[in-house]
Amino acid sequence: VQESFGNQSFRMERKTIDLEQGWDYMQTGITKLKRILEGLPEPQFDSEQYMMLYTTIYNMCTQKPPHDYSQQLYDKYREAFEEYINSTVLPALKEKHDEYMLRELVKRWSNHKVMVRWLSRFFYYLDRYFIARRSLPPLNEVGLTCFRDRVYNELHSKVKDAVIALVDKEREGEQIDRALLKNVLDIYVEIGMGQMERYEVDFESFMLLDSASYYSRKASSWIQEDSCPDYMLKSEECLKKERERVAHYLHSSSEPKLVEKVQHELLVVYANQLLEKEHSGCRALLRDDKVDDLSRMYRLYHKIAKGLEPVANIFKQHVTAEGNALVQQAEDTATNQAANTASVQEQVLIRKVIELHDKYMVYVVECFQNHTLFHKALKEAFEIFCNKTVAGSSSAELLATFCDNILKKGGSEKLSDEAIEDTLEKVVKLLAYISDKDLFAEFYRKKLARRLLFDRSANDDHERSILTKLKQQCGGQFTSKMEGMVTDLTLARENQTSFEEYLGNNPAANPGIDLTVTVLTTGFWPSYKSFDINLPSEMVKCVEVFKGFYETKTKHRKLTWIYSLGTCHLNGKFDHKPIELVVSTYQAAVLLLFNTTDKLSYNDILTQLNLSHEDLVRLLHSLSCARYKILVKEPSTKTVSQTDSFEFNAKFTDRMRRIKIPLPPVDERKKVVEDVDKDRRYAIDAAIVRIMKSRKVLGHQQLVSECVEQLSRMFKPDIKAIKKRMEDLITRDYLERDKENANMFRYLA
Amino acid sequence: MPPRSASKPSKKRSNPDSVTSSATGPVPSASSKKKASKEVDGTDKLFDKYANASSGVIDPEGIEKLCSSLEVPHTDIRILMLAWRMKAERQGYFTKGEWRIGLKALKVDTIGKLKKALPELEKEVREPLNFRDFYAYAFQYCLTEDKQKFLDTETICQLLDMVLGSTFRAQVDYLIDYLKIQKDYKVISMDQWRGFCRFCNEISFPDMTNYNLELAWPSILDDFFEWLREKQA
Chain A
489 VQESFGNQSF
499 RMERKTIDLE
509 QGWDYMQTGI
519 TKLKRILEGL
529 PEPQFDSEQY
539 MMLYTTIYNM
549 CTQKPPHDYS
559 QQLYDKYREA
569 FEEYINSTVL
579 PALKEKHDEY
589 MLRELVKRWS
599 NHKVMVRWLS
609 RFFYYLDRYF
619 IARRSLPPLN
629 EVGLTCFRDR
639 VYNELHSKVK
649 DAVIALVDKE
659 REGEQIDRAL
669 LKNVLDIYVE
679 IGMGQMERYE
689 VDFESFMLLD
699 SASYYSRKAS
709 SWIQEDSCPD
719 YMLKSEECLK
729 KERERVAHYL
739 HSSSEPKLVE
749 KVQHELLVVY
759 ANQLLEKEHS
769 GCRALLRDDK
779 VDDLSRMYRL
789 YHKIAKGLEP
799 VANIFKQHVT
809 AEGNALVQQA
819 EDTATNQAAN
829 TASVQEQVLI
839 RKVIELHDKY
849 MVYVVECFQN
859 HTLFHKALKE
869 AFEIFCNKTV
879 AGSSSAELLA
889 TFCDNILKKG
899 GSEKLSDEAI
909 EDTLEKVVKL
919 LAYISDKDLF
929 AEFYRKKLAR
939 RLLFDRSAND
949 DHERSILTKL
959 KQQCGGQFTS
969 KMEGMVTDLT
979 LARENQTSFE
989 EYLGNNPAAN
999 PGIDLTVTVL
1009 TTGFWPSYKS
1019 FDINLPSEMV
1029 KCVEVFKGFY
1039 ETKTKHRKLT
1049 WIYSLGTCHL
1059 NGKFDHKPIE
1069 LVVSTYQAAV
1079 LLLFNTTDKL
1089 SYNDILTQLN
1099 LSHEDLVRLL
1109 HSLSCARYKI
1119 LVKEPSTKTV
1129 SQTDSFEFNA
1139 KFTDRMRRIK
1149 IPLPPVDERK
1159 KVVEDVDKDR
1169 RYAIDAAIVR
1179 IMKSRKVLGH
1189 QQLVSECVEQ
1199 LSRMFKPDIK
1209 AIKKRMEDLI
1219 TRDYLERDKE
1229 NANMFRYLA
Chain B
162 MPPRSASKPS
172 KKRSNPDSVT
182 SSATGPVPSA
192 SSKKKASKEV
202 DGTDKLFDKY
212 ANASSGVIDP
222 EGIEKLCSSL
232 EVPHTDIRIL
242 MLAWRMKAER
252 QGYFTKGEWR
262 IGLKALKVDT
272 IGKLKKALPE
282 LEKEVREPLN
292 FRDFYAYAFQ
302 YCLTEDKQKF
312 LDTETICQLL
322 DMVLGSTFRA
332 QVDYLIDYLK
342 IQKDYKVISM
352 DQWRGFCRFC
362 NEISFPDMTN
372 YNLELAWPSI
382 LDDFFEWLRE
392 KQA
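Residue numbers (this note's numbering), protein chains in the order written: chain A, 489 to 1237; chain B, 162 to 394.
The hints are simulated quantities; they were obtained by calculation from the structure and are not laboratory data.
Note that the structure is a prediction, hence the values are computed from the model and not measured.
Where is the CB? At the ideal position from N, CA and C, for every residue including glycine.
You may find that some hints are simply not true.
As the list claims (entries may be wrong) - Derived pair list, reagent style DSBU-like, types lysine-lysine, alpha-carbon separation capped at 35 Å:
(1) B:Lys-341 to A:Lys-1227
(2) A:Lys-584 to A:Lys-552
(3) A:Lys-1181 to B:Lys-276
(4) B:Lys-344 to A:Lys-1017
(5) B:Lys-206 to A:Lys-1159
(6) B:Lys-341 to A:Lys-1166
To be verified - Some chain A residues judged to face chain B by a derived CB distance under 10 Å, without partners named:
(7) Lys-765
(8) Phe-1037
(9) Gly-1187
(10) Lys-1204
(11) Met-1214
(12) Asp-1216
(13) Thr-1219
(14) Arg-1234
Stated by the list, open to error - According to the in silico footprint, chain A covers these stretches of chain B (three or more CB under 8 Å from chain A):
(15) 340-354
(16) 379-393
Using the sequences and the hints given, assemble the complete structure.
So this is what it looks like as structure tokens:
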């Protein structure tokens, strides 16, 4: 465009162009353009023609008034479009329908844009000065507005219907011209002239409604006919197709809205019916381990707000039911069988619970993509059934027994080191679900003590390993005593070596009996009853000798002897052959009495040994009524009574050269529960005092809830117990009630 | 105005070894007292009528005598109220000092006046602020040993009847029934005792609809509530 032509400043008298004259000339250009657009044989504009048209406009706008025709030309510009549209474009469109109409529209729109482009070039001078001066819409906009007002507004509804019909046709499986739809919808976008409003209001809103109703119809029949997995497959497929649809011809902004509608109709409306389908719903899928279907279910519901909640809930219920079934099974077996086999069942239970956990953790990680909702569901499910009692044993006790079985000699020697490590790891994880962790700790400690003191521990590394794992999970305080116990044993061995050295250096001190002493640090070890039995003189000497040795090492410690834990090797000089008897210290004390006398009455023994009836009966029973009858009881009834008398059984024999005569273990469960209850009272007291000391004044409900929270790491405190401790602290002047508000407490320094 | 020590018109000569103190020694005749105040005189005379000659304090026997003079049963709450007024420390005993405090507060110095003052005393004690103090005092008063913090349930039952019986008959009757039947609590603390009074004052009875187990009521009242609910069912 030779713009510079207009800037030449030589004074040439331009001939004034009169409006009608000028417009006639312009009209030729416009007509030529129309002919080109209509596809009629017409050569393209050459540069001279173009220049002439442009210059004509330029001159008519730059003439001196009253011949500056800018306004008129601006109007005529618009009129040119209007005329063309009314005479040619609109009629052409109105006579067509459906897909044909769409094609025509696309063609006409394209033509219109070309027309706007060319005309606005011819009339360009108006754009440069006139419109700015008068704040009028630019030529481009005028042109588009004409199409919008005259064509688009007339037809957009019909067009929209045609488009939607094609969309639904495609949904039903027929092939459609996607490029055509794309072009049509581009019109809606472009006609908005920078805003998406036309697209959204005139097309999208209807399209969404139609889509919703389409899928609503489909869903209502599919939900009746299809199984849950099939329905989900169809839904997944539909969503995929709709996304493709957007990619191919809808505007990208429609995607989230369309997807939401489809999801709503297919998955939200029928969520309940789908998930709860009797033979194929979520429960059934879990039951039948349909991992793929469950993964699909997750994928589909993941994107829906709160969509996963019902799924997680069903998952939780399923796991809980499975867990409860295991517990019930164990309970049933226990009541139907004898005591020993029952405990085996309980161990089997723990194994099964571990397996259950492993199984469903895989689900959580893989099917459910590690989603927190499912981790939570699994955790809550386990917390429900892991805290049930089985045949009178709490889960804490069962778990401790399970550990004991793995760690003791003869317990799990068939398993490899790795398998044991793995099991220990899993057991510790299970502990997280048990609310009475302190009870577990106490049972564990008692059994650990037994393993350590009677040399029943299979493998030191495993012992330490589980303590490390427990420490990681429950904190240092949980394992500090247990670690102390293990250390004590190591020290005890060193100590024994020193003791033997000492004996070597002091032959006079030697008690004449091989003596091994294990010194335990009070506080680490469980508390043991130990009452003053009258020891036989040989043993008394041992005690004295060790005491002498011990005092050479430390003067500030007190030794308390726990004879109930001691073991004694006696040589039984029986008629047939000598047999070594491995017995407890107490049993040895009883037997040694018979070195001086052949026959003793119950009361004789009682007086000589200074034991309680309960303990003596147990001892005598183990020696006279159990498997190995070292003593002969008169009368030979099955139980020991206070009128019995006993005699050394010289005729006793056995094919072994050494036999162990066990003392049936006292039921420690009651004591453990008592000890733990006592510790809990102190723990509650300490928690209350700690909280009140820092808060100074606190309301009752808040105090209780903070207390529960602080203690929850170790156990679930009983609210009544907390109340009682609070009242006790009031009586002990640690706390007082506020004078105005009895529900408020104050710390008393 | 002559100094006090000289204004003892009834006295001829002071007896050196008849100095009296409320805590010790035999009680000599009124004429040998140091203080000349007529009020104290009368009060002290009255005290002597009931006090034990050798111990110098009013003992349980003396209190019984006092009660019959006042025509009041000796398990009557008004004696307890009197003790409260006196700030008496030891159950069953009134010292001279306590006697003086009490009677001075009541502004009486004869048995007749004392008797007349009892209704007024009762009214005063039943004022909310005073009653709270009196109620706690009642518990304290029954503690006999040093460092004792609890009272046995039987004593509590008697106290409840005496102190709250007239105002909260129904509650007291049920509470006493419960305390006698239950086995969990052998003794009652001050906090629990206070709880009973609060319960009677705040909880509508016998429906107990405004009782809330989640609040800080002493556990014994939670248990009482549950026991009564079951009974009512």
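Against the structure, the hints:
1. B:Lys-341 to A:Lys-1227: 30 Å, holds
2. A:Lys-584 to A:Lys-552: Outside the cut-off at roughly 49 Å; violated.
3. A:Lys-1181 to B:Lys-276: Measuring from Cα to Cα gives roughly 50 Å; hence the hint is violated.
4. B:Lys-344 to A:Lys-1017: 30 Å, holds
5. B:Lys-206 to A:Lys-1159: Violated. Lys-206 (chain B) to Lys-1159 (chain A) sits at ~65 Å, over the 35 Å cutoff.
6. B:Lys-341 to A:Lys-1166: Roughly 28 Å separates the two Cα atoms, so the pair holds.
7. Lys-765: Violated - the Cβ of Lys-765 (chain A) stays beyond 10 Å from chain B, reaching only about 42 Å at its closest.
8. Phe-1037: 46 Å, violated
9. Gly-1187: This interface hint holds because 8 Å falls under the 10 Å limit.
10. Lys-1204: 17 Å, violated
11. Met-1214: 8 Å, holds
12. Asp-1216: Holds, about 8 Å.
13. Thr-1219: 5 Å, holds
14. Arg-1234: Constraint on Arg-1234 (chain A) not satisfied, violated at 12 Å.
15. 340-354: holds (count 4)
16. 379-393: holds (count 3)
In the structure shown, a violation is registered for the earlier hints numbered 2, 3, 5, 7, 8, 10 and 14, in ascending order.
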